[in-house]
Each structure stands twice: as structure tokens, then as C-alpha cells.
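Engineer: Model the placement of chains C, W, P and Y with the ligands on the given structure of chain U, informed by the hints.
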Amino acid sequence: QETPIKFQLDWRFEGPSAFFLLPVAKGYFHAEKLAVTVDAGNGSGNAVNRVASGAYDMGFADMAALMEFHANNPTAPNKPVAVMMVYNHSPAAVFSLKKSGIKAPADLAGKKLGAPAFDAGRRAFPIFQKANGVGAVEWVSMEPALRETMLARGDVDAITGFYFTSLLNLEARGVKPADISVMLYPQHGVRMYGNAIIASQEFLKKNPEAVKAFLRAFTKGAREVIADPKAAIAYVKQRDGIINVALEERRLRLAIDSAVATPDARAEGFGAVHPPRLALMASQVADAFATKSRIDPDAVWTPAFLPPAAERDIFPAGK
Amino acid sequence: MKHQKRLERWAPWVLLLAVVIVWQVVCSAFEVSEFIFPSPLRIWDQFLEFRGEILRHSWRTFWVTMVGFGLAIVVGVLLGFVIGSSRLAYAAMYPLMTAFNALPKAAFVPILVVWFGIGVGPAVLTAFLISFFPITVNIATGLATLEPELEDVLRVLGAKRWDVLVKVGLPRSLPHFYGSLKVAITLAFVGTTVSEMNAANEGIGYLLVSAGSAMQMGLAFAGLVAVGIMAMVMYELFAWIEKRTTAWAHRGSHAA
Amino acid sequence: MKHQKRLERWAPWVLLLAVVIVWQVVCSAFEVSEFIFPSPLRIWDQFLEFRGEILRHSWRTFWVTMVGFGLAIVVGVLLGFVIGSSRLAYAAMYPLMTAFNALPKAAFVPILVVWFGIGVGPAVLTAFLISFFPITVNIATGLATLEPELEDVLRVLGAKRWDVLVKVGLPRSLPHFYGSLKVAITLAFVGTTVSEMNAANEGIGYLLVSAGSAMQMGLAFAGLVAVGIMAMVMYELFAWIEKRTTAWAHRGSHAA
Amino acid sequence: MTAGAPQGFVEFDRVWLAYNEELLAKNQFAVEDITLSVREGEFIAIVGPSGCGKSTFMKLATGLKLPSMGSIRIGGERVTGPLKFTGMAFQAPSLLPWRTTVDNVLLPLEIVEPYRSNFRAKRAEYEARARALLQSVGLAGYEDKYPWQLSGGMQQRASICRALIHEPRMLLLDEPFGALDAFTREELWNTLRDLWTQQQFNVILVTHDLREAVYLADTVYVMSKSPGRILMRREIDLPRPRDLDITYTEPFVNIVHELRSHIGAVRGG
Amino acid sequence: MTAGAPQGFVEFDRVWLAYNEELLAKNQFAVEDITLSVREGEFIAIVGPSGCGKSTFMKLATGLKLPSMGSIRIGGERVTGPLKFTGMAFQAPSLLPWRTTVDNVLLPLEIVEPYRSNFRAKRAEYEARARALLQSVGLAGYEDKYPWQLSGGMQQRASICRALIHEPRMLLLDEPFGALDAFTREELWNTLRDLWTQQQFNVILVTHDLREAVYLADTVYVMSKSPGRILMRREIDLPRPRDLDITYTEPFVNIVHELRSHIGAVRGG
Ligand SMILES: Nc1ncnc2c1ncn2[C@@H]1O[C@H](COP(=O)(O)OP(=O)(O)OP(=O)(O)O)[C@@H](O)[C@H]1O
Ligand SMILES: Nc1ncnc2c1ncn2[C@@H]1O[C@H](COP(=O)(O)OP(=O)(O)OP(=O)(O)O)[C@@H](O)[C@H]1O
Ligand SMILES: Cc1ncc(C[n+]2csc(CCO)c2C)c(N)n1
Ligand SMILES: [Mg+2]
Ligand SMILES: [Mg+2]
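If you read the sequences in order, they're chains U, C, W, P and Y. Taken in order, the first sequence gives residues 1 to 319; the numbers are from our numbering. Taken in order, the second sequence gives residues 320 to 575; the numbers are from our numbering. Taken in order, the third sequence gives residues 576 to 831; the numbers are from our numbering. Taken in order, the fourth sequence gives residues 832 to 1100; the numbers are from our numbering. Taken in order, the fifth sequence gives residues 1101 to 1369; the numbers are from our numbering.
These are calculated hints, taken from the structure and not from any lab test. Just so you know, even glycine gets a beta-carbon here, dropped at the ideal spot from N, CA and C.
Some chain U residues close to chain C (C-beta under 8 Å, calculated; not the full set):
| id | residue |
| --- | --- |
| 1 | ASN72 |
| 2 | ALA76 |
| 3 | GLU143 |
| 4 | LEU146 |
Stretch by stretch, here's where chain W covers chain C in the computed footprint (C-beta under 8 Å, at least three residues):
| id | stretch |
| --- | --- |
| 5 | 326-338 |
| 6 | 460-473 |
Extracted from the complex, chain U is given alone in its bound form:
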């Protein structure tokens, strides 16, 4: 008898979704007696909502979005909890064109920035501002797919976006890598966590073993994805035939390098968090997002379902 798990991604089937699609395709979940269905998503906020409402059992979402949900819906009966950290660093970054003369965060003061209203980098920008002493900026809201175009055309001076998304999009618009200036949040004093696997409280209570089994299988898959991203992309292509394999492979590699297999992740251990860092993030998010109540880091995170540390030692040595 398999336990069904409905899983909600944060975004569409792109390179990084290989982390979930590979173990599905290779039957790792089946081996754990889980029947996992993975659905594409449209933003972490929605992923959190859908898990909280019970429409999904588990999901993949930005830690900041999860914290915000907790803080703004203190009475919600079924608040999701993060059970495994995947992006040890938020992949958020500020992009500008070199020719605009923005070299350091301080240069952003008074500039026009573009990003969707829900963009993680935009929402966390106050933290970035505070950490780097950046003066006030002007925001222009736009659809995700528009922002790189607007930057390339000079309609805005800078944009925020996920490193592995905006970089590739800018290149696709004919901007040479050499002309792009990137300020990654983690390298500019914003040491926030990125996306985590979340599960609904109800589901955790009812099926704790299933969650553990899920994370085991996921970890097994993650090891293979990190070891051979090229092979992993094949499973994404299998699920969604329209993806551009070369592009998504690059995206996956960039995600692994910038958010998953980072030095911090190696130090903290894949899937785990460092509690003080999480607590700091919680207070930063509460300030930056102007939430209704403070955020209790222990309410949003539990390490109780993680596989043993040895099993989670998946990073290839040396690299």
C-alpha cells in the first residue's frame, strides 16, 4: 500500500526541478512505498498557500515566504513547516548593466529597479539595503518574463531576480556576460536561506514515516543530480518536452553551484540549517516584510524528519 503525496513545486519544470523529477522517474519514491505526484507551480507564495490549505501535502518554497505566511496567519490551523533545506542560500541577486556604472550596492540609491511584486529578491531588498547601507530606490512592477528585457532596453537601471534565471535570460536577450554586473545577496551580507521542502502540519502528524521516507528518497536523488546534472536534465525533458536541454542544464548547474553545494551548505550539512542563522533570518524577514507578528524559527523549521547526517553527505568531495 503506497502513501500518496501531492507535491507542489515553486516554479515550472526547469533545470532545478530535476531534484524532484529524477527520484520520481527512477522510482526512488516507489521504493519507499510513496506515490508522489509533482505539480508545477507559480511562485513560492502560492506553494505555501496550497500546502497550508491542504490542497497539497508537501511542497518546495522559499523560506522567507514560509516565514511570512506564519507571521501573517498566526491563527491558520495547518501552517506548513520546512523539513529540509535545499537552497542553502537564497539565489536572489541584483543585476545591472556594467555601462550604467552601478558597481557596488551603494550605487543603487535613487535608481529605478524592476521586478515582479512577489520576487524574493525584491521582497528581501530591505535586508539587502540595510546590510549595505543603500539609500532609497524606486520600484517598477512587472511580469517575471519582462524584467530582463526592460533591463536590456534600459527602461530600468537594475533588476532583482534569481541568479540562475536572470543571468540566463539576459544572455538570451543578447547581453554579453561581460557586460552584466551581478550582486548576489549571500555575498552582500544577506545570508538568508533559500528554498526548502515544506510539509503541512497535518500531514506531518498523520504520516511522519512517509515524510521521512520522502526525504530519504529525495536525498538519494539529490546526490545523483549533483553528481551528474546532464543526466538529471533528461528526466526534466521527459516530463516536459518543450524545455531547452542545454539551457536547463546550465540553469541547474548554476543553481547547484550558487545555492545548493555552497561552502555554507557543506558546513551545515545538506538539508539542515544552522539555528542562529535561521533565527537571524526570521527577525530580518519580520522587519523587512513588516509582518503582523514576530517569527518563531522553531515553528517554521523542524529537523526531525531529516535522514541521518551520513546519508545526507551527498556533496562530491573536493569540489
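Structural biologist: Structure of chains C, W, P and Y with the ligands alone, referenced to chain U:
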């Protein structure tokens, strides 16, 4: 009779109240969380709290919609004339317009933004693009199905095609024209809002996404309510004009 | 006459060709880059390359749309009956429906997903919600403006309200009913696509955002073209049925 | 001027009608103070100047309009809405343009019981009946044409067939032969006479042709010019069965002249 | 049977009409082989059995329909489309329901030159004219009502006014008095007679009333039953000006009888 009139006057309010009450009761009884479906009270709360902001964004959305809608009426009527009065134009343009209209305008907003920059341009154009079609269709259908007996009344006087359209075609299809305006105005609001959701710093569409991304569902719904109110105001305007111009058509048992 | 018929048959294709050629020429002449507005050749290219995928997603969008649209016809006609044949219902429901219809359905998709999960549910419902209104409006207008002379023909036989609607109301408003179907089917496609853009693993809407975010604008446009083609197919179906059932209405000089 | 015992089949008792509230408020009535009684199976004709309220009277008699004042009883029951056993040919043919002529004629059978219940089963039979009826008014060959492909007179004849097809107990004809030439008209007089003789239904005939009224009716009512009142009731005591030859006899011509001079006087007054 | 020198005002030369391709292919004509010539200012009447093609003839004479074969010249010019100097009262009143009666009557002045150009400027004057015309047909007090608030006969009279208002050079009346009582009808005969006597326009009158035809027309044409051909042309040589009294004179009655027996024979054959 007078009683009936009064009843009709109040009917929409009674219905509205009933809907709101049911909604509130359901929300309270099942303890539906705000992020799933905010309750009317919560929406009202947010409405009051942010009334200044909502008003400002509503006004923007309203006038942008009106510009796009005005364009849609002009172009829709002219296109309807052309399609409705020439079989060839009908055969050539109708299928393509149907095809075009089935495309989600949201997909074009980014292109419009690239062409016109962020601002009123894309919103006006989206409102226009999304709303001219029902007008065109109704005018065209009205003209194409004109009874030849009525047409002959003018033709026998040597009237030109245009005369026939203006003196017989339009008046006869006026009730359906108003119907199409009621459909079109709703689409125009949708168009503006969708465009603002894609790229803008102002307007209810902007309010929706920014409230949505800050998980302020109550505020987002308050924005939706504002759009609904604006549409209802426009409806009442049309209904008023309609009553004064098409009484002749509403003379059936239904009217008695 | 025969010549005229042939002309009409080919007219949409000629127009389509003309549009495509102009588009290609503009794209080539101004070297419009793909991510601003892809050229027809590029779209065709992508269409061929991904034809399997496009076909699969199109099929999904098509049947989902048809389910939602079928629902919209049933509900739209019934609501139109109610509103068109009772002044009270007209007064009560019309303004609220207008208000509801002015809300961008995209804003409801996330809520529908919370209720139904990602899958056909939200898409079918969005297609339905977005497309029943024009049908309702046209049926209601047709019934409310029924000539009492025609109505009396049945009433004098002691016919019930329903008989009057079915035997006179519906047939008389059939041309406008078809017109409204042509509007509604386009909206239904929009609804499905928008819903898929927000929440889906499949369908043209998913293809649009997925291709869009991977900078495959040619593929995204190929998806749009697929929607357009499906809408045109449905248009031809309606036109065919219309021709067989409402010839009586198209007997004017326009038809000659 | 009032007439009839209360046991008549059709009873108008001081009936007034204004077409709407407004006109009522202004005391503008289309018909005024109509009182009459028609016995079962009686054939009455109504004549009067244009616009006097004849069509209005018909709408009252079928229950399409309810009186502003007074009451109407038909078959012993008070009329509160359209009746179910009438057949009516309106002044305008009012054929449905989306139905062929024969389908227009079949319409009452789709609505009225007992035909309605077995319409699907007996469709062929009913259609044959409709076609026979159309033939009897000279529309053979036009059954499958649409109304707008017929001439004015043909449409009027099709409309008469529609009023007859379901063998109503009460037949109302509003100037049914107005658009016909004299010969076709006289043929149809006889067709109607024969049907009525066989089935003895009630007939109310509005006409401008006094010869028609006198030839067909048992009783002729003369209405005053607008607002319509009943000015005169004339029983036609000519023997039945009548034949067209009777129209050349002296008693017939005398009655026609009598009525004509009456109406002339009405108009003058 | 063919008649007239080629210099007539209205010239039909072997005109055939089938209503559409299909009927043409099947050789089903509504009118066949019509040849006639009407001189300027002549008043002709057309009589014939129901459905014989009289209304079709009217559509041909106004250019609303073009002949399938043969040619029509009016005022010396070949007819290739609707003419600009005609006034027509259709068999059905065809009033526009969204216009009041007086606005319906004003319609031609909004379309036809020279009125069209100065319609806005002279609107008051034209409206007064329309009201006067409506009064002359007994519609005083109904000018501002909508057509559907009028009785059948009233609508017909309004439709006649619409045909007359712009003083057309050619007036076509398709059974214009069919829905009127005898007295109103005879009054309107005289109204029409007087207008025609003053202005000497051409008139083509379709009617079923032989007395009407003989009383008003210079020439009466008799059509055969469908498909319509012209069977007979009868000049009415009664002296003018004619008065209603003439209808009781022997020559008048004789002509009527002659025509009636002719038509009777036609129908039999
Ligand atoms: N729907 C209506 N609304 C208002 N007034 C009406 C309506 N129908 C008829 N009338 C008025 O009622 C009066 C009687 O009309 P009715 O149609 O009964 O006359 P009629 O005797 O049938 O005349 P005709 O011989 O010309 O048909 C007229 O003055 C007319 O203007
Ligand atoms: N639109 C049409 N399409 C096809 N056939 C038609 C059309 N109009 C008339 N006809 C046919 O043409 C013939 C002549 O019709 P028309 O209306 O001219 O007769 P009419 O002499 O005016 O008769 P009535 O005295 O009854 O008005 C009829 O057989 C009729 O069926
Ligand atoms: C082009 C682009 N691709 C993916 C994401 C991922 N993403 C979209 S919304 C969201 C949640 C933020 O609250 C996340 C993780 C992005 N931002 N932009
Ligand atoms: Mg009448
Ligand atoms: Mg005729």
C-alpha cells in the same frame, strides 16, 4: 405596479446582501482562513483601512478603462458595420477575428510594454483589444439579420447603404448593442486590470499583485470589489441610456 | 454567384496570408529580435520542431475548454432564460453579474487551485466562469425584446412560458445566440489558457509561460497560433450549424 | 342594447379596457362598457370603423388582455388569462419566419392538448392533416416554403389554417380575408361555413365586408368609432344552410344596406 | 395584349422574374413576360388573384428587384436599382417600431433630396406637413404614438402618408386600403383622387376591390393566376373628375361586372 417598480429597484441590493451574508456565514462557520477566501467583514475592514490607496488605484483603472473602452466602441461599431454589411468582409474577417480573440491578451501585454513602455499605453490597448469583439459581433449580427422588409422601406427611397445602416440597422440592433456594451465593459475592466497586473505601478491590477504577494488577501479582494463597483456603475449608466432609447423593444409581456 | 461563393471561401485565407506576409516583412525589414516579436518563419520553425509537444498541449487545452464551454452554454442559456423572462430577476441579477464579470478571472485561479488542486478543475471552471456571461446576455436580451405580436401567437393557445421561450424566444434570438457563442468560445479559450498559465503542468497556457520564461518566444507564439487555430475550427463549426439553422434570418440584401 | 341571459357561452359584462396605466389614468379607453352574450356555437361578426376597438375586443375574448373594469366569462368560467381552447387568426399573419408554412400550421398541435402529448408519435398524421388544410385554402405546393416566400394573401390563408388546425371550440378571426381577391374570398367563406356547420364551434369574426358578415354570421354587432362601444346588435335570420346565391337575394341586400346606413350614421355622429 | 409606344414613362419589355437562382433553374417565375407601357401621369390599377405576382410587379417597378429576363425603363432610363423618386406603401405597413408615427412619416424626408439637405433646418415645417397629412387620413391625436399602439387600419393609413410625404413622381400602393372599413376607404379614395388631380404623378395601385380600381384608375390591368401574366388591359373611360356617385351609375357598374367576369373566367381556366 408601483410596488413592482420599488421591488425592482431594491432587488439587486437585496440579492447582494444575501450573497454577502451567505459568504460571511460560510466563512465564519467553516473558519475559512483569510489566505483561502477572505470573509466580507475582513474585506470591508481592509477596504476602510486602505480606502485612500484603493480610491487612487481605482481612479487610475477607471479612466484607463474608459479610454480603452471608448476606442473599442468606435472601432467595434465600425468593424461591425463593415462585417455586417458585406458578405465578403464577413467571410474574410470573422474567422480571423475569432482566432485572434481566443488568444489570452495577457500574453501580449509584455509585447505591448516593450513597444510602449510601462504606463497607460499597454493598459489602454489591452482594454481595447479585449473588448471590441463582442461589440463588433453584435453589430454585425444585427445588420446581417436585418429583415429585408424593413430594409426595403428605405431602399425604395433610393437610400444609400449607410442610410440603411443608420436608420434601420443600428436602431433595430440597439438592444443587442447595449447587451454587447455590458459584456464589453466588463472585458475592458479585465483587460486593464490584467495589463496592470503584468506591468504597472498603479491601478487596481498593481494593487492586486502587490497585495497578493504580501499575502494581504483581504486587501486584494477589496481591490476586486472596487472593480466590481466600477463595473456596476457603468452598468447602471448603460441601463439608464438603454431605458430611454429602446423602450420600444421592451414592450412584451415581460415588460407588462 | 458561383464566383462570389468561391471568393468568400478563400477570403479568410487570402487575408491571413496577407497578414502573415506583412508581419514577416516588417520583422525582416526592421530586424525585430525574436524576444520582442518573433517572425512567422521563426514561429513556423518552432511549430515544426515542437509539433508533438504542441499537439499534446493543444489537445489538453481543447478538451478542457470544451468542457468549460459546454457548461457555459447550459448555464448561460438557463440564466439567460431566467433573466430574460422575469423583470425582477433581470433587475436583481444583471448588475451583479456585470460586476462579477469585470473581475479578472486570473485573480481567482489561485483560489480555485486551493480548492481543486492543479489539474482540470481550475481550468474548466475558469473557462466556464469567463464565458457564460455573453451567452446569458444575448439570450436575455433576445427574450426581453421579443415582439409581443409573436408571443401572442403562442399565448393565445394557452402556451406556458416555457413553450413561448422554446418555440419563439430561442429561435428568434438564434442569430444573436450564435454570435454570443462565437464570443464565448474565444473567452473560454482565454480562460483555459489563463488558468493554465497560473497553475498547470499541461496545456497551451503552461507551454506559453514555460516557453516564455525559457526565452523561447518562437515556441510561445507557436502555442498562441495553436489556440487561434482551435478557435477558428470551432468558429467554422458554429458557422456551419448556423448556416443550417438560421438561413431564414440571413435573407436580406446582404445575403443576395 | 345590453343583451343575453347569463347562461351564454361568452359573457362580457360591462367591460372596459385601457391599454396601460397611463391611458387608464387619463380615462382613455380602447373599448368601453361592452356587454354581450354569445350562446354556444353561435357565429358572430363584429363590424365598425377602423381603430374602433375590434382587435382589442378579440384580445379580451381570448384572455390575452384582461379588462380594466368589468368581467368576462367564457364557458362559465371567469377569464383570468389566455384560454386553451381557442384558435385565432390575427390581423397581421404573424407567421414565424423560421418555420416553413406547414410547420407554422402545425404549431398549435405542438402546444395544445391532447395533440401535444402524442405529437411525436402522430407527427406524420398531423402533417398530412396540415397539408390537406393548406390545400383546401389553395396553398398546395407552398407547404414547404417559408412565410416570407409567400404573397400577402397566401400568408393570411396560412394563418387561417393555423387557427383551425387544432379544431378549437372557439375560433377568432380578425379580418381574415382582407388581403384576398373576391373569388378566393368567397371560396373561403364557404370553406369556413362548411367547417362551422359540421363542428358547431363558436366563431367571432371581425370584418369590414358587410356582405361577409351577413353571409356568415348569426349575429352582427356594430361598434362605434373609438373608444369602441357596441352600438347595435343585428340577428341575421336568413335561413341556413346559405349559399352564395343568397347574397343576390333581396333580404340579404336589405340587411347589408341597413347595416351600412347604420354605420354611416355612426361615423357622421 | 402588348401595348404602348416606346415613349411611355414606365416601360416593361418582356419582363420575367424568378425570385432566386434555384427557382430560375427550375423555371418557376413569379411573373412572366410582362410587357406594358404607362404614360406620364397615368393612374393604373392592377388586379388579380392572390399570389399572382402583383407585389412582385411593384418590386420590379421600383427597382427593388431586377428582372431575370427582359428590361424595364422608367422615365426613359433603364432600371438598374432602386429609384429615387418613388413613394411606396407596402402591403404590410412596415412601420419602424422605434419611431413614433410622425417620425415614421418623416422618414422619406430624411433620405430623399432635396428635403434631406435642409431637413435639420426645416424640421418644424416638415413636421407640420407630416401632421397635417396624418390628420387628413384621420390619425389626428395618434401622431406621437408608436406604430404598435395603432390599430391595423391606422398603421396602414400611416404607411400611406409615408409614401406620399415627399411628393414622389411615382406612387406605388400595394393594397393600401385593405384593412379599412368601407367609409374610411371611400374617404381616402377621394383624398388620393384629389392629390393626383393636383399633382398628376404616376400611380400604380394594386387592389382586390374592383370598384376601387375602376373609380380611381385610368387603366386597369388584370393578371392571371400564378405565374402572373397580364391578361387584359381595360381603359376606364369614365369622365373625370369622378365623384363617389359615379359608382352607382350604370357604366361604372358595367365595367366592374365586366372585369369581375373576366377574372372569374381566369380563375376557372
Ligand atoms: N398596444 C397598444 N397600446 C396602446 N394603444 C393601443 C394598443 N393597441 C391598440 N391601441 C389603441 O386601441 C384602439 C383600438 O385599436 P384596435 O386595434 O382594437 O382597433 P380595430 O378596431 O382593430 O381597428 P382596425 O380595423 O384598424 O384594425 C386604437 O385607438 C389604438 O390606438
Ligand atoms: N421572397 C420570395 N421568395 C420566393 N418566392 C416569392 C417571394 N415573394 C413572393 N414569392 C412568390 O411569388 C409569387 C407572387 O407573389 P406576390 O407577392 O407578388 O403575389 P401577390 O399578387 O402580391 O399576392 P397577394 O394578393 O396575395 O398579395 C407567389 O407565388 C409567391 O410565393
Ligand atoms: C524568472 C523566475 N524564475 C523562477 C523564479 C522562482 N520563483 C518565482 S516566484 C518565487 C517565489 C518568491 O516568493 C520563486 C521562487 C523567479 N522568481 N523568477
Ligand atoms: Mg384591428
Ligand atoms: Mg401582394
